[in-house]
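Colleague: The primary structure of each chain is shown beneath.
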Amino acid sequence: MSIPSPPRAWREQKYRYRLVGVKCTRCGLTYYPPVVVCTKCKSTELTTIELPRKGVLLSYTIIHYPPVEFKEYAPYAVGLIKLEDGTEVIAQLTDIDFNELRPGIKVEAVFRCLKTQGEEGIIEYGMKFRRALEE
Amino acid sequence: MRPSRDVYILGYGAYIPIFRIRSENIGRVWGRSKEKLPIPEKAVAGPDEDSTTMAYEAAKYALNRALVEPEDIGALFIGTESPPYAVKPVATTVAEALGLKPDILAIDMEFACKAGTTAMICIMGLVASNMMKCGIAIGVDTAQSRPSDELEYTTGCGASAIVLGCDYNDPIARIEAVHSFVTDTPDFWRREGAYYPSHAHRFTGKPAYFRHIIAAGRALMKELGLKPSDFDYVVFHQPNIKFPQRVARALGFDYEKLKPGLVVPYIGNTYAASSLIGLCSVLDRAEPGERIMLVSFGSGAGSDAISIVVEEGVRKRRNYAPLVHKLIEHSKYIDYPTYIKYRRKIRMK
Amino acid sequence: MIGMRRVAVIGVGFTKVGEHWNSSLRDLYAQAVLRAVSDADLELRDIQAMFIGNMSSGYLQAQEHLGSLLATHLGIQGIAAVKIEAACGSGGAAFHQAVLAVASGYYDFVIAGGIEKMTDVRTEYLTSALIMADDQEFVASTGVTFPGLNALIYRLYMEKYNVRQEDIAQFPVHEHFYAQFVEHAQYRYPITLEQVLESTIVADPIRLLECSPISDGAAAVVLCPLDIAMKRRKEGIVEVIGSALSTDAISLNEREDPTTFIATVKAAKRAYRMAKIEPRDVDVVEVHDAYSILGIINLEDLGFAEKGKGVRLVKEGEIARDGRIPTNLSGGLKARGHPVGATGIYQVAEIVKQLRGDFGKNQVDDAEIGLAQSIGGVGGTVIVNILKRIR
Chain D
1 MSIPSPPRAW
11 REQKYRYRLV
21 GVKCTRCGLT
31 YYPPVVVCTK
41 CKSTELTTIE
51 LPRKGVLLSY
61 TIIHYPPVEF
71 KEYAPYAVGL
81 IKLEDGTEVI
91 AQLTDIDFNE
101 LRPGIKVEAV
111 FRCLKTQGEE
121 GIIEYGMKFR
131 RALEE
Chain A
1 MRPSRDVYIL
11 GYGAYIPIFR
21 IRSENIGRVW
31 GRSKEKLPIP
41 EKAVAGPDED
51 STTMAYEAAK
61 YALNRALVEP
71 EDIGALFIGT
81 ESPPYAVKPV
91 ATTVAEALGL
101 KPDILAIDME
111 FACKAGTTAM
121 ICIMGLVASN
131 MMKCGIAIGV
141 DTAQSRPSDE
151 LEYTTGCGAS
161 AIVLGCDYND
171 PIARIEAVHS
181 FVTDTPDFWR
191 REGAYYPSHA
201 HRFTGKPAYF
211 RHIIAAGRAL
221 MKELGLKPSD
231 FDYVVFHQPN
241 IKFPQRVARA
251 LGFDYEKLKP
261 GLVVPYIGNT
271 YAASSLIGLC
281 SVLDRAEPGE
291 RIMLVSFGSG
301 AGSDAISIVV
311 EEGVRKRRNY
321 APLVHKLIEH
331 SKYIDYPTYI
341 KYRRKIRMK
Chain B
1 MIGMRRVAVI
11 GVGFTKVGEH
21 WNSSLRDLYA
31 QAVLRAVSDA
41 DLELRDIQAM
51 FIGNMSSGYL
61 QAQEHLGSLL
71 ATHLGIQGIA
81 AVKIEAACGS
91 GGAAFHQAVL
101 AVASGYYDFV
111 IAGGIEKMTD
121 VRTEYLTSAL
131 IMADDQEFVA
141 STGVTFPGLN
151 ALIYRLYMEK
161 YNVRQEDIAQ
171 FPVHEHFYAQ
181 FVEHAQYRYP
191 ITLEQVLEST
201 IVADPIRLLE
211 CSPISDGAAA
221 VVLCPLDIAM
231 KRRKEGIVEV
241 IGSALSTDAI
251 SLNEREDPTT
261 FIATVKAAKR
271 AYRMAKIEPR
281 DVDVVEVHDA
291 YSILGIINLE
301 DLGFAEKGKG
311 VRLVKEGEIA
321 RDGRIPTNLS
331 GGLKARGHPV
341 GATGIYQVAE
351 IVKQLRGDFG
361 KNQVDDAEIG
371 LAQSIGGVGG
381 TVIVNILKRI
391 R
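Residue numbers (the numbering used here), protein chains in the order written: chain D, 1 to 135; chain A, 1 to 349; chain B, 1 to 391.
Treat each hint with caution, since some may be false.
[Claimed, not checked] Heads up, simulated DSBU-like pairs for lysine-lysine below, C-alpha to C-alpha not over 35 Å straight-line:
#1 A:Lys242 with D:Lys23
#2 B:Lys307 with D:Lys54
#3 A:Lys316 with A:Lys133
[Claimed, not checked] Far from chain B, by Cβ distances over 12 Å, these chain D residues were calculated:
#4 Glu12
#5 Pro52
#6 Glu84
#7 Leu133
Keep in mind that the hints were calculated from the coordinates and are not lab data.
Virtual Cβ for every residue (Gly too), placed ideally from N, Cα, C.
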């Protein structure tokens, strides 16, 4: 586990609070996490974008042996998700029974507690994904 | 109290967590029979939820309905008695997550279950005085309840957000007037450092809940020169099913006017969100021109009474976010062990 | 030919892999080096440089600066010694650096070592240590674990190629069988497929007996120019004919197809080209099977089977000692064990012993060319080293 660090969590807020990535203005590829140079066309002209909040589950697993700071939450599911614009992200799945997990289900981002920096440390928030509510 | 300019509800949103526990599962552990349960079931925040996350979701829905520019939002006030930090405001995290500009007035406020409506009244003053174009008031709680106590059957989790402003087209509703009434009444409290709250049993009834709601409600109607028959709906703070029904009768309102806003049988007492979620439930179905009486109650104690007239905009805008009954239906039942795990009542150290 | 000179391995040494409660990080490392130097018929003072593979000494032992620490512990401070880190591929990467050091003509006698001391802490700290192989801010923060990431791949693989878990889970069964005859292996008993499939779920669908264990261990090999080796040894001379290191996107979500490790494909291609061989020329192989699914994927990515058909090699006995491509006869990461930073060196040492004809019951007949594959993270780094018996 990383050493409890408020400055680090604060820097990461931008990406975690609003699912922010970058898009190459030349070839259109999107990246999450953000990179500085486009892998495909090597351009450095990358703009910050807010990624779509909805997507589809590609793969998933259920974690039974968590790292230190996630112990109280186990077991929990983690998924590989393809967002509506093609960007893929890894994220925890929430509000879901394990028997609902299936590649292909529609999921949407929600704002949740990711972890804390210890009992007296700060709370880190970010995006998890739940099954998309029906329209 | 009337603002010098018309203040409108531009957006409203409710958030109810997915988990539910049936009271009979609680009663079974503590030896209370099914007949003696104050409500059938209540909503429970998941292990990764807290007042901040729920406030965000409610505000998002409210903003979906409000159609305001994020740059126009000048204030975010959170009313809660269960913030995740004793010191560090929920409001700033919610504001950042929503993408609001940093040039806003933000604060958390506490007055038990009336903190949300009080936040609303504060925002009213800020927009009516032209200090900002619009603001968001949120009532949210994940209040804790002592195992085996009365309140363990009813203490639920939820959030509701209201966007208020002046000078906007097609608003959802107009706030006619408000009246607030407070006294030092020790009916329910939690000392600093205590994990569970305490209450004074039957003392929480007549001298607390009923006295303040009736006083505020009557004063508001007197100021407006209105009678219960002038209102189409009435929404109260909902600690259980009986109290709102009784206070409705005491004020002269029929059950039919109470029912649309009565959400406690499905989600329990969501504290600072309670009367506001009730209001959302009413706005989900109210027609333009109808009048709503909203009276909250916060222990310690006080009530905010608010008179609201529904406008044309409600018909279109209410569909821009999930209706309360949809959120109520979107549910998963958990058992008592899971409930106390999620609500952190199990001693891990 | 790799550089200006041809490179040979003239000595190997390692500790048993397992739980060494009585030995510290430096104790284990010293043991391995002393054995390797002795096997090379050299003195410690002959050594000019040392590249030490290790992943987590900082987090688990609060110890960095292994170059200076371990040189001092061996009484050879003054030499060029440095830690090389590439997550669980640190050993393979250290070997690659050592090869470059000798091939360039800069150093003559170089040690490539690896050491990991994992058993001093509770499991959840190891779980935290291993996920440091992936992106901390964007992936570790989700609570996913290293087995969890491999589980995501496992599920994608099964779906894409229509392969069952029962077939993939045969890989650890194969490895445990051979580990019975490997003195330094952590687990020297056979296991059955039923036992694998019924073992505890670690990260669905990965079961406990599909996971490499938590291990302490150290290994070291001595490298020198081939012509020096030929003068010093009469037989058992092994040359490094290919060594390549490739990286790939560190996280799965940044890859087009997580069921292939592009880094393996690239490193293998480069190493084969350097060595002027094809996959079918390889006689014995040690692949990096941190989890059963990787054993299968590695065989494919290294060119021994088509994508999606790796399990056939297992089913049809092709990876057995007398099969077409004998694989992980050391027991692999699963049964020989996986002291993460050291594993890459263990693999090279085991291949060297195979090529020398010194692998006991698991000896592959007439093994001439051997390949060792070491992986960092979930394929973020892959090192492929190819060795050949010269005499």
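Colleague: A separate judgement is required for each hint: does it hold in the structure or not?
Modeller: Hints and how they fare:
As the CA atoms of A:Lys242 and D:Lys23 are separated by approximately 56 Å, the hinted pair breaks the 35 Å bound. In summary, the hint linking B:Lys307 to D:Lys54 is supported, as the alpha carbons are separated by about 31 Å, within the 35 Å threshold. The hinted pair formed by A:Lys316 and A:Lys133 meets the criterion: a straight-line CA distance of about 22 Å does not exceed 35 Å. Chain B draws D:Glu12 into its interface by the beta-carbon criterion, the shortest separation being 5 Å against a cut-off of 12 Å.
Its beta-carbon lying about 15 Å from the closest one in chain B, D:Pro52 satisfies the requirement of being farther than 12 Å from that chain. Here D:Glu84 stays apart from chain B, with its beta-carbon at least about 15 Å from theirs, past the 12 Å limit. The beta carbon of D:Leu133 is kept farther than 12 Å from every beta carbon of chain B, the shortest such distance being approximately 22 Å.
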